[in-house]
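Chains as they are written, first to last, in the working numbering: chain R, 1 to 119; chain F, 1001 to 1114.
Simulated from the structure, these hints should not be mistaken for laboratory data.
Treat the hints with care, since some could be wrong.
Stated by the list, open to error - Below 30 Å or equal to it, Euclidean Cα-Cα: the simulated DSSO-like pairs (lysine-lysine) are:
(1) F/Lys-1056 x R/Lys-44
(2) R/Lys-44 x F/Lys-1054
(3) F/Lys-1056 x R/Lys-52
(4) F/Lys-1111 x F/Lys-1071
(5) R/Lys-38 x F/Lys-1037
(6) F/Lys-1068 x R/Lys-95
(7) F/Lys-1101 x R/Lys-44
(8) F/Lys-1071 x R/Lys-52
(9) F/Lys-1037 x F/Lys-1005
(10) R/Lys-52 x R/Lys-17
(11) R/Lys-44 x R/Lys-17
(12) F/Lys-1054 x F/Lys-1037
(13) F/Lys-1071 x R/Lys-95
(14) R/Lys-38 x R/Lys-52
(15) F/Lys-1101 x R/Lys-95
(16) R/Lys-95 x R/Lys-38
(17) F/Lys-1005 x R/Lys-44
(18) F/Lys-1037 x R/Lys-95
(19) F/Lys-1005 x R/Lys-38
(20) F/Lys-1101 x R/Lys-52
(21) F/Lys-1068 x R/Lys-52
(22) R/Lys-44 x F/Lys-1068
Every value quoted in this text rests on a predicted model; they were computed, and no experiment measured them.
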Amino acid sequence: DAMVIQNPRYQVTQFGKPVTLSCSQTLNHNVMYWYQQKSSQAPKLLFHYYDKDFNNEADTPDNFQSRRPNTSFCFLDIRSPGLGDAAMYLCATSKESLVGFIPSSYEQYFGPGTRLTVT
Amino acid sequence: DQQVKQNSPSLSVQEGRISILNCDYTNSMFDYFLWYKKYPAEGPTFLISISSIKDKNEDGRFTVFLNKSAKHLSLHIVPSQPGDSAVYFCAASQLTSGTYKYIFGTGTRLKVLA
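Construct the entire structure; sequences and hints are all you get.
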């Protein structure tokens, strides 16, 4: 089945120790997103890639970086995790193409998430 | 500033009855609205959507209503089933810099009682 895969599902890192979360997709979607979700809060968009074009949200901390080496993979790097970065990190994809300014698809496909713990 | 709000964190409904989940938004530029369902230990899955040019969209037991003047949308599930017990997220999208960005609400936890 085509899907969005996130590894690992649970990640424990130490305060200040760099950590990388990975996301892969078999949907061949051109857009990939990273969201941060803290307990009882809405998923918050950190950044997204439209093909190879990187789009950073204005309020995403510099501590968060992303890489997309190819269509299938996208990585979230947290350079110096703080206690406040403990959260669920969700990867999502969508297939977007605009024909006459009307998108072909709106829905996003989410992975199961990686729960990050910072000790 | 929360642009998409789900003011009810939880809702309990008897099996077979109607579940109504509500969502309010503040940005009149949103042009598409979506509902996602999330089970524990899984990512959100798309449920149903509605364009801002419509006021109703129906898919089986699920119907979404949009009231643009009130900046309000609702998801109706009828009849509710125990398998519908999950967290439901409302999301709104806006075309920005050539791609769609999505703003999510905080979710409503629905419990359908057998």
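Hints, verified against the model:
1. Restraint check for F/Lys-1056 and R/Lys-44: satisfied, since their Cα atoms lie roughly 27 Å apart, inside the 30 Å limit.
2. Using a Cα cut-off of 30 Å, the hinted pair R/Lys-44 and F/Lys-1054 holds, with the two alpha carbons roughly 27 Å apart.
3. For the given pair, F/Lys-1056 sits about 36 Å from R/Lys-52 by alpha-carbon distance, which is inconsistent with the 30 Å threshold.
4. A distance of roughly 26 Å separates the Cα atoms of F/Lys-1111 and F/Lys-1071; the hinted pair therefore holds under the 30 Å criterion.
5. Our distance criterion of 30 Å between C-alpha atoms is met by R/Lys-38 and F/Lys-1037, whose separation comes to about 17 Å.
6. A threshold of 30 Å between alpha carbons decides the hint, and for F/Lys-1068 with R/Lys-95 the separation of about 27 Å falls inside it, so the pair holds.
7. Taking the CA atoms of F/Lys-1101 and R/Lys-44, the gap is about 11 Å. The hint holds against a cut of 30 Å.
8. Note on F/Lys-1071 and R/Lys-52: the hinted pairing is violated, with a Cα-Cα distance of about 35 Å set against a maximum of 30 Å.
9. Pair hint F/Lys-1037 plus F/Lys-1005 holds up; C-alpha atoms about 16 Å apart against a cutoff of 30 Å.
10. Annotation: proposed proximity of R/Lys-52 to R/Lys-17 holds, straight-line Cα distance about 28 Å (limit 30 Å).
11. A distance of roughly 23 Å separates the Cα atoms of R/Lys-44 and R/Lys-17; the hinted pair therefore holds under the 30 Å criterion.
12. Note on F/Lys-1054 and F/Lys-1037: the hinted pairing holds, with a Cα-Cα distance of about 22 Å set against a maximum of 30 Å.
13. Pair hint F/Lys-1071 plus R/Lys-95 holds up; C-alpha atoms about 27 Å apart against a cutoff of 30 Å.
14. Pair hint R/Lys-38 plus R/Lys-52 holds up; C-alpha atoms about 28 Å apart against a cutoff of 30 Å.
15. For the proposed pair F/Lys-1101 and R/Lys-95, the alpha carbon gap of about 13 Å is at most 30 Å, so the pair holds.
16. Taken as a hint, the R/Lys-95 and R/Lys-38 pair is honoured in the structure, with Cα atoms around 26 Å apart against an allowance of 30 Å.
17. Our distance criterion of 30 Å between C-alpha atoms is met by F/Lys-1005 and R/Lys-44, whose separation comes to about 13 Å.
18. Distance restraint check for F/Lys-1037 and R/Lys-95: the Cα-Cα separation of roughly 20 Å lies within the 30 Å cut-off, and the hinted pair is therefore satisfied.
19. Our distance criterion of 30 Å between C-alpha atoms is met by F/Lys-1005 and R/Lys-38, whose separation comes to about 16 Å.
20. Distance restraint check for F/Lys-1101 and R/Lys-52: the Cα-Cα separation of roughly 16 Å lies within the 30 Å cut-off, and the hinted pair is therefore satisfied.
21. Between the alpha carbons of F/Lys-1068 and R/Lys-52 the distance comes to roughly 35 Å, so the proposed pair goes past 30 Å and is violated.
22. For the suggested pair R/Lys-44 and F/Lys-1068, the alpha carbons sit about 24 Å apart, so the restraint of at most 30 Å is met.
The structure does not agree with the numbered hints 3, 8, 21 stated previously, though it agrees with the rest.
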